[in-house]
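Line order of the protein sequences matches chains P and C. Mapping to my numbering: the first sequence position 144 is 620, numbers consecutive. Mapping to my numbering: the second sequence position 117 is 148, numbers consecutive.
Mixed in with the good hints, there may be bad ones.
[Said to hold, decoys possible] Below, in silico cross-link-like pairs of lysine to aspartate or glutamate (EDC-like), each with a Cα-Cα straight-line distance of 20 Å or less:
(1) C:K39 - P:E563
(2) C:K160 - C:E188
(3) C:K138 - C:E127
(4) P:K640 - C:D143
(5) C:K138 - P:E643
(6) P:K547 - C:E56
No lab work stands behind these hints: they were computed from the structure.
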Amino acid sequence: MLTKRIIPCLDIIKRRVTKGVKFKNNVDLGDPVQMAVGYSEGGCDELVMYDITASAEGRPIDIGMVQDIAKSIRIPFAVGGGIATLEDMSRVLLAGAEKISVNSLAVHNPDIIAQGSRAFGAQCIVLGMDPVSTENRRTCPSGYEVTTRGFREHTGMDAVEWAKQAEQLGIGEIVVNSVDADGTRTGFELKVTRLIAEAVRVPVVASGGAGCPEHLREAFNVAHADAAIVAGMLHTGEYSIRQLKDALNCYGIPMRMHW
Amino acid sequence: MIAIVDYKAGNLTSVQLAFRAIGHETVVTSDISDITSADRVVFPGVGAAGSAMRHLTDLGLLPAIKAVVAHGTPFLGICLGTQILLDHSEEDNGVETLGIICGRTQKFTPSDPWQKVPQIGWNRIRIEKKHPLLENIEDGSEFYFVHSYYPAPAAFEDVLCTTDYADISFASMLGRGNVAATQFHPEKSGRIGLRLLENFTRWNPKTDLN
Chain P
477 MLTKRIIPCL
487 DIIKRRVTKG
497 VKFKNNVDLG
507 DPVQMAVGYS
517 EGGCDELVMY
527 DITASAEGRP
537 IDIGMVQDIA
547 KSIRIPFAVG
557 GGIATLEDMS
567 RVLLAGAEKI
577 SVNSLAVHNP
587 DIIAQGSRAF
597 GAQCIVLGMD
607 PVSTENRRTC
617 PSGYEVTTRG
627 FREHTGMDAV
637 EWAKQAEQLG
647 IGEIVVNSVD
657 ADGTRTGFEL
667 KVTRLIAEAV
677 RVPVVASGGA
687 GCPEHLREAF
697 NVAHADAAIV
707 AGMLHTGEYS
717 IRQLKDALNC
727 YGIPMRMHW
Chain C
32 MIAIVDYKAG
42 NLTSVQLAFR
52 AIGHETVVTS
62 DISDITSADR
72 VVFPGVGAAG
82 SAMRHLTDLG
92 LLPAIKAVVA
102 HGTPFLGICL
112 GTQILLDHSE
122 EDNGVETLGI
132 ICGRTQKFTP
142 SDPWQKVPQI
152 GWNRIRIEKK
162 HPLLENIEDG
172 SEFYFVHSYY
182 PAPAAFEDVL
192 CTTDYADISF
202 ASMLGRGNVA
212 ATQFHPEKSG
222 RIGLRLLENF
232 TRWNPKTDLN
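Using the sequences and the hints given, assemble the complete structure.
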């Protein structure tokens, strides 16, 4: 049976792991390579790293950072932040990552998804999406609107429609981030995650808001996510991956228990 | 030397990094003499069967692949590299593939809409047949998979492991003579994956009992 994945997320600023609340007030949490190795040996199923200031600073992703992490772990590794072109994608893959996450730049240039998928295979290309709830049902019938640039810019695009379009373009997986939940540890945004999981055939990853094992259980059992991204609850040492997996295993959710 | 065949079917860095982690340098190559003179050949690949076969043809690698297999060189297929060892793939409206192992590559068609395609994540292997590459690997171990199509070999004797997904039990590892081939990614499967690669570096198909 396919197990559900727990994916720690390293948000990187200046080669340090940071964590903010609702994408603000970031604090320093440690060395990325050390943390990546710790999580990998601690039983995480995959790892994701975001160079969170690359887009805003208009620079390419920190390839040295990608290389250093890729060299140190032997589990799937996804990378995002500042990826705008096929060359950017190629550099990240050659640095040893398996998956490339595109977000804001794909909204402005959807063709990058199709190009990346053709060049490297759909399994390499992950769509990160930042939906927010909206009252405007005319442009966003699902009740969720796609935002970009760390939730700062509204696009008027319906989140579920964008997910379906990205699937047609050749995305391999979709990460649904929630600003309303990010860093608050009050649980994932289950509704939009489920709407998207229902609408597409590719796996969906819940992200933003995880604070306790119960939140992960909801993401898997209620929202039907195939994987969940966690950050603060692990970074602060409040939970280990073993503790999360033990709890979820008790709930009857298939987990990889040996590593 | 271990040769990793580069036929423009995805990124091979992680395969190379995995071998480095267990102390083996490799050469990533599309050079025919590198491949035919290698002690061991790894045939990875992600992407689609149609373009993979086209690239193999354009690079003139089809005879080299068949030659090392016939010569008895220890040969490891991974993911798409495994699928195209069979006769035919359903992908890209049907593609004739290498025909090194009898059978077809078919698409997952789960009846449960919550079972997603591609299958992405860690799934268990059931060991159907003992093999030197599976030494010290327990039945029920989990490996990392990413795929929409699966190998369906014609003869069960070529099946080393099976895995359950999308209503079926598919062949997740194949073996025939000096050819072993995994649908999963040992290079991304943590410690257990490295163990399989380590077993591959020691495997001698001519003397080891399969």
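Hint by hint, here is what the structure shows:
1. C:K39 - P:E563: 15 Å, holds
2. C:K160 - C:E188: 8 Å, holds
3. C:K138 - C:E127: Status holds; Cα separation ~15 Å.
4. P:K640 - C:D143: Given that 20 Å is the threshold and the Cα spacing comes to 19 Å, the pair holds.
5. C:K138 - P:E643: Within the cut-off at roughly 17 Å; holds.
6. P:K547 - C:E56: 14 Å, holds
The structure shown violates none of the earlier numbered hints.
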